[in-house]
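Residue numbers (the working numbering), protein chains in the order written: chain C, 2 to 357; chain B, 898 to 1365.
Heads up, a few of these hints could be off.
As the list claims (entries may be wrong) - Distance condition first, Cα-Cα at most 30 Å in a straight line; then the derived DSSO-like pairs of lysine-lysine:
id: 1; chain 1: C; residue 1: K47; chain 2: C; residue 2: K112
id: 2; chain 1: C; residue 1: K47; chain 2: B; residue 2: K1025
id: 3; chain 1: B; residue 1: K939; chain 2: B; residue 2: K984
id: 4; chain 1: C; residue 1: K47; chain 2: C; residue 2: K115
id: 5; chain 1: B; residue 1: K939; chain 2: C; residue 2: K112
id: 6; chain 1: C; residue 1: K115; chain 2: B; residue 2: K939
id: 7; chain 1: B; residue 1: K1318; chain 2: B; residue 2: K939
id: 8; chain 1: B; residue 1: K1025; chain 2: B; residue 2: K1318
To be verified - With beta-carbon atoms standing in for the labels, derived distance ranges:
id: 9; chain 1: C; residue 1: P66; chain 2: B; residue 2: Q940; range: 49 to 57 Å
id: 10; chain 1: B; residue 1: A1232; chain 2: C; residue 2: R30; range: 51 to 59 Å
id: 11; chain 1: C; residue 1: A116; chain 2: B; residue 2: C920; range: 50 to 58 Å
id: 12; chain 1: B; residue 1: S1115; chain 2: C; residue 2: A39; range: 47 to 55 Å
id: 13; chain 1: B; residue 1: L1028; chain 2: C; residue 2: T333; range: 25 to 33 Å
id: 14; chain 1: C; residue 1: E329; chain 2: B; residue 2: P1026; range: 38 to 46 Å
Please keep in mind that the hints were generated in silico from the structure rather than gathered at the bench. Even glycine gets a Cβ: it sits at the ideal position worked out from N, Cα and C.
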Amino acid sequence: MSDLLIGIYLTASALAALALVLAFYVVIRRIFVDRAIARRQRLRQKLLGLMLESTATESTESAEPLVAAIRQDPGVAASVLQELSENLRGADFQFLLDRCREAELDTFLIKALKAERRAHRRQLAAETLQFFPGTAVRTALFSALQDEDAEVSVAAGDSLTAQGDIAAARAILDRLDHSQGGASLRLRTIYARCAEQHRDEILRLVADGEASPVMREVGIHALAQQGDLAAVPALLALVDDPSPEIRATAYAALARLGYPDLSGAIGRGLEDPNWQVRASAAEAVGLIGLPDLAEALGRLLADTEWYVRLTAALALVELRENGHEVLERISTSASGSPARIAALVIEENRGMAVHA
Amino acid sequence: MLDGSAFTVATQIAAGIVIATGCLQYLSYIVQLAIAYRTLRKQPPLKRAGQLWDRYADVAPPIALLVPAYNEEASIVASVRALLAAKYPHIEVVVVNDGSRDGTMDALREAFDLQPVVRAFEEVAPHKPILGTYASPVASRLLVVDKENGGKADALNCAINLSRAPLVCSIDADSILDDDALIRAVGPFIADPMRTVAVGGTVRVANGCRIERGRIVSVGLSRRLLPLLQTIEYLRAFLMARLAWSRVGALTIISGAFGLFQRRAVIAVGGYSLGTVGEDYELIVKLHRHFRKIRREYVISYVPEPVCWTEVPEDLGTLGRQRARWQRGAIETMARHWRFLLNPRNGNISLFGYIVGLLIDIIGPLAEVIGYILIPLAWIAGVLSFEYALAFLALTFFAGIFISIGSLILDELELRRFPRKSDLLLLLFIAVIENFGYRQLSNYWRMVGIWQFVRGRKDWGVMRRRGY
C-alpha cells in the first residue's frame, strides 16, 4: 500500500473518528446541560423567593438561607439581582445588597470581571458591580474600561457613572475606546449622565474635531436629551462643523430642543451642500415649527435628492396653514417632481384627516 | 496505480483537479466552522428578550416590514395578523399584492376592511404601476399596495418606496418571525448606527413545528425526510457560513426571507435589481460596491439569534426547482459583478465572498459530480485501483459528515433550538445519511441551475407549498 493511500485512509479515519466523537459529545453534553439548566432554574426560583421574602421581613437572621443560596452560585445570584433591580427600590433593595455583600458577591464579581474568559460573563459582572460602590469595585471597573470587548468596557463605564462617579467622567470618556463605534446605546446613557452634572466635559468633546465622529454624535444626542437650552450656543456652533454628519446631528438636536429663534441657522442648513444636512434641517423646520422658512422648504421640493424632497414636503405639512399654502401653490403652478410630491402629500394629508 | 496511456494521463489530471478542488472546498468549510465556533463562543446571543426590551425599547428605530405577496390567498391574512402583532415598539407592515391571480387582495380587503388612501412617495426604486393603496381602520399600522405583477424584486422596490421607516425588513409572506426576532435583529443598528447598513437573521425550517395563528407555538422536527435533510442544510448555511463570513466582513448574502436594511442605503443602490432570481444576493453585492466606491465605512452583518421560520419544499420536484433557481441566481450575480468581486483590493469580499463562493457553489459541486463519474470509470478501465477509489469516496463522505455534525454542534452550543433529545439524535442521524444520495442530488440540481443560466432562463418556476 502506497504512502498516499495510507494518508488518505488515515485522514478519512481521523475525520470519521472526529465526527463520531463530536456526535457523542453533543449528546452527552445535552444531557449534562439539561441538568445544569434545570438546576440553575431551580436555584433561580429559590433565590427569587428568598430575596423577595427577605426584603419583606428585613430580618438578618432569617436571611441566612439567602446568603447560603447566593454563595451556592454567585453567577445566578448576580443575574437575579439584575432582574430585581428593575422592580425593587430604596431600603428593600439595599437590604438585599447588604446580604449579597455578606455572601461576598461583590468579591466574586470583581474576580469574574478580571479573570472570566467569556465576555458576556465579564459584562454581567461589570453591570452588577454598579450596585456595590467601594474602592475595590471602582478600581476593578476602571481597569475594565480598557477591556478588549467594547460591551464590557462600556458596561464598566455605565456602572461607574451609575454609582455617581461623575467626577471621573473625563477619565471614563478618555479611557473608553470608541474606535469601533460599537455599543453606542450604552454610551448614550453614560454621556447623558455626564451631561447632567458635567456638561462642560460633553461640550468639550462635541467641539473637538479630532474626536471620533461616533463619540461626538453621541455627545450631541446626550446634550439634546437633557433638554437644556444652555446647550443651544454650542450646538449652533456645530452647524458650521466641517463634518456633514456632525452638522446633520446638530440640526436634529436643535430640533429636539425646540428652541424657536433659529430661523437663520436652520435656513443656512436648508442650503447646505450635503443632502443629509439639508434633510435634517428640513425636518427641524417642521418639528420646531418655523413658518418663515416655508418658502425655503418649498424650494427643496425640487431638490436633487429624493429624501430631501420627501422630508421637505412632510415638514411643510407640519407647518399647517403656511405650509399648506406653499404646497397648494406648488401642486398647481409647478410641474414635474415638485408638483407631484406636493399634490400627493396634500392628498395623503386630506385622507388622514378624513380617517381621523 | 495507473499505466502510461493518454487516457491514464487525462484521468490523472482530471483526478488531480477533482481532488484538489475537494480538498480546498473542505478546507474552507473547516475554516468557516472554526471562525463560526469562535464567534459564537466569544459573544453568545442574549438569552432573555426582556433584557433587549430594557436596552432597546426607547431607542429602537421604526421598522417597515415589507411583504411581497403573490397568490397567497390561503395564508396572507394569518401572516399579516402575526406580523402586526410582532413585538416591536414601532412597525408598519407594507403588504404588496404583486398582481396575484387568486383572491389574495380580496382576502386582505375583507379581513382588514381596507379603504383606499393616498400615500406620498418618490419612485426612487423602479417598479410596475400601482393600482391602488389601502389603509385599514382596524389596523392602523398596515398599508396594502395593489400593483401589476412584476416579480418579487419589483414588489419589494414598491414597498421600499412607499414605506416611511428608516429601516426596512424584507420577509416572505409565508414566513413566520419569532416574537423577539425584530428586537434582536435591530441590535447592530442601535449599537453602530453610523456604519450598519444591513443585518441578516437566521432562517430555519418550520415544517414540523406547531403553528397557531401564524406563530410558532413549539419547535419540532418534521417526520418527512426532505425537510429533515434541509434542516441540516440550513444550519450549515446560516450558523456556519454566514456567521463566519460576517465575522471577517465578507458576507455577500442576506436571505430574502428575512433581512433588515437601512432604507436609504437600499435606495442609494437603486433598490432590488429587476430581472434576476437572485435579488437578495445581488442587493448585498451592490451595497458592498456602493459603500466601497464612496469610501464610507459600513457594516453588513449576520446575527444568529433572530429567527424567521420558513416552510421548505416537501417534494423533490419543488425542491429541485428551488435549488436550481438559487444556483442560477448566484451565478447571475457572480457573473454580473465579477470585476468587483475579483478585485483583490476588496480584500475579504473578494477572497471569501467570491473566490470561496465560486469554489463552494460552482466549481466544487461540478468537480464532485465529475469525481463520481470519473472514479468508477477509472476503476472499470483499470487505471485506478479499488483501494484508491474506496479511499477517495470514504474521505469525501466522512469529511461531509464531519462538517454537518460540526454545524449541528454550533446550534447546540449556544442556541439549542431543538428542545428534545430525540430531535438531536434524529438530526445527528440525518447529518450522516444526507451524504449518501441527498448530497449528490443537490449537486445535480446545482448542475441544472448552471445549465439554466447558460440557456438564459429567467423564470422562478412553480413552487408548491402545503401551507401552515
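We went through each hint and held it up to the structure:
Of the supplied pair hints, the one linking C:K47 and C:K112 holds, its CA atoms being roughly 25 Å apart against a limit of 30 Å. This hinted pair does not check out: C:K47 and B:K1025 have alpha carbons roughly 61 Å apart, beyond 30 Å. Restraint check: the Cα-Cα separation between B:K939 and B:K984 comes to about 28 Å, which is no more than 30 Å; the hinted pair holds. Pair hint C:K47 plus C:K115 holds up; C-alpha atoms about 28 Å apart against a cutoff of 30 Å.
With a C-alpha separation of about 19 Å, the suggested pairing of B:K939 with C:K112 holds against the 30 Å cut-off. Of the supplied pair hints, the one linking C:K115 and B:K939 holds, its CA atoms being roughly 16 Å apart against a limit of 30 Å. Restraint check for B:K1318 and B:K939: the C-alpha separation of about 26 Å stays at or below 30 Å, so the hint holds. Note on B:K1025 and B:K1318: the hinted pairing is violated, with a Cα-Cα distance of about 50 Å set against a maximum of 30 Å.
About 35 Å separates the C-beta atoms of C:P66 and B:Q940, a value inconsistent with the hinted range of 49 to 57 Å. For B:A1232 and C:R30, the hinted distance range of 51 to 59 Å is not satisfied, since their beta carbons lie about 44 Å from each other. Evaluation of the 50 to 58 Å hint for C:A116 and B:C920 yields a failure: the beta carbon distance comes to about 41 Å. Look at B:S1115 against C:A39: about 19 Å separates their beta carbons, and that is not inside 47 to 55 Å.
Distance hint for B:L1028 and C:T333: a CB-CB separation of about 26 Å, consistent with the stated range 25 to 33 Å. Evaluation of the 38 to 46 Å hint for C:E329 and B:P1026 yields a failure: the beta carbon distance comes to about 26 Å.
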